[in-house]
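Put together the whole structure using the sequences plus the hints.
Per numbering that gives the first Met the number 0, the very first residue in the sequence shown carries number 0; after that it's consecutive.
Think of the hints as simulated: they come from the structure by calculation, not from any bench.
All C-beta atoms, glycine included, are put in the ideal place defined by N, C-alpha and C.
Fair warning: there could be bad hints in the mix.
Said to hold, decoys possible - Derived CB-CB ranges, DEER-like:
hint, residue 1, residue 2, range
1, I73, A42, 20 to 30 Å
2, T1, Q135, 34 to 44 Å
3, E68, D20, 29 to 39 Å
4, A153, R77, 21 to 31 Å
5, Q149, E68, 36 to 46 Å
6, T48, K141, 27 to 37 Å
7, Q50, P131, 15 to 25 Å
8, T1, C157, 35 to 45 Å
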Amino acid sequence: MTQKRILLAVSGSISAYKAADLTNELTKRGYAVDVLMTKNSQAFITPLTLQSLAKRPIHTDVMQESWPEKINHIELARDVDLFLIAPASANLIGKLANGIADDLVSTVALAVKTSVPKLIAPAMNTNMYQNPAVQQNLARLKTFGYEEIQPREALLACGDFGPGALANVEQILQRVTQTLTN
Numbered sequence: 000m001t002q003k004r005i006l007l008a009v010s011g012s013i014s015a016y017k018a019a020d021l022t023n024e025l026t027k028r029g030y031a032v033d034v035l036m037t038k039n040s041q042a043f044i045t046p047l048t049l050q051s052l053a054k055r056p057i058h059t060d061v062m063q064e065s066w067p068e069k070i071n072h073i074e075l076a077r078d079v080d081l082f083l084i085a086p087a088s089a090n091l092i093g094k095l096a097n098g099i100a101d102d103l104v105s106t107v108a109l110a111v112k113t114s115v116p117k118l119i120a121p122a123m124n125t126n127m128y129q130n131p132a133v134q135q136n137l138a139r140l141k142t143f144g145y146e147e148i149q150p151r152e153a154l155l156a157c158g159d160f161g162p163g164a165l166a167n168v169e170q171i172l173q174r175v176t177q178t179l180t181n
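Spelled out as structure tokens, the structure:
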């Protein structure tokens with residue numbers, strides 16, 4: 000049985016620190032996890048933390064070509080079994096819904112084959128999550144084949160209570176397993 004390959008994209012949200020637990024658990028379960036990080040996500044968690052857990056290089060810059068003979072963002076998108084975005088900020092959701100490719104994550108997202116399952120786990124302030132623009136962008140992403148992992152209702156880092164907290168790591172892991180076995 001070949002090892003399943005997951006592209007994990009981490010965007011700029013206070014929940015980015017949970018990407019460490021997620022990366023660790025996915026790796027422990029035998030998945031090859033290639034982590035993509037936005038610039039903003041690196042303000043919350045370092046690439047070194049995720050590299051230590053994934054035991055693979057972390058990718059942060061669309062202009063950094065790791066393989067001189069290949070195009071980095073195209074190569075990262077090849078032969079992937081699942082594209083997972085956790086956490087997904089309102090900014091990244093908007094970019095993906097509108098085909099904007101101005102960083103590594105959004106560029107790789109466009110290069111991932113449409114047949115590859117895509118899971119997106121939003122994490123943001125309640126008012127941001129409930130904003131019609133964000134909801135419209137999420138609805139549009141669903142038409143592109145993305146499946147949303149609903150955020151939790153919780154006390155958020157900003158002090159507000161409501162939907163917007165990143166789904167629990169266990170819930171994300173269950174969706175990953177379910178998606179890859181279907």
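Outcome of the hint check:
At about 27 Å, the CB distance of I73 to A42 agrees with the hint of 20 to 30 Å. Distance hint for T1 and Q135: a CB-CB separation of about 38 Å, consistent with the stated range 34 to 44 Å. Hint check: E68 to D20, Cβ distance near 35 Å, so the stated range 29 to 39 Å holds. For A153 paired with R77, a C-beta distance near 37 Å fails the hint of 21 to 31 Å.
Checked against the given bound of 36 to 46 Å, the beta carbons of Q149 and E68, roughly 41 Å apart, stay inside it. Checked against the hint of 27 to 37 Å, the C-beta distance between T48 and K141 comes to roughly 31 Å, which is consistent with it. For the hinted restraint 15 to 25 Å between Q50 and P131, the CB-CB distance of approximately 38 Å leaves it violated. In this structure the hint that T1 and C157 lie 35 to 45 Å apart at CB holds, the actual value being about 43 Å.
The structure is inconsistent with the numbered hints 4 and 7, although it conforms to all the rest.
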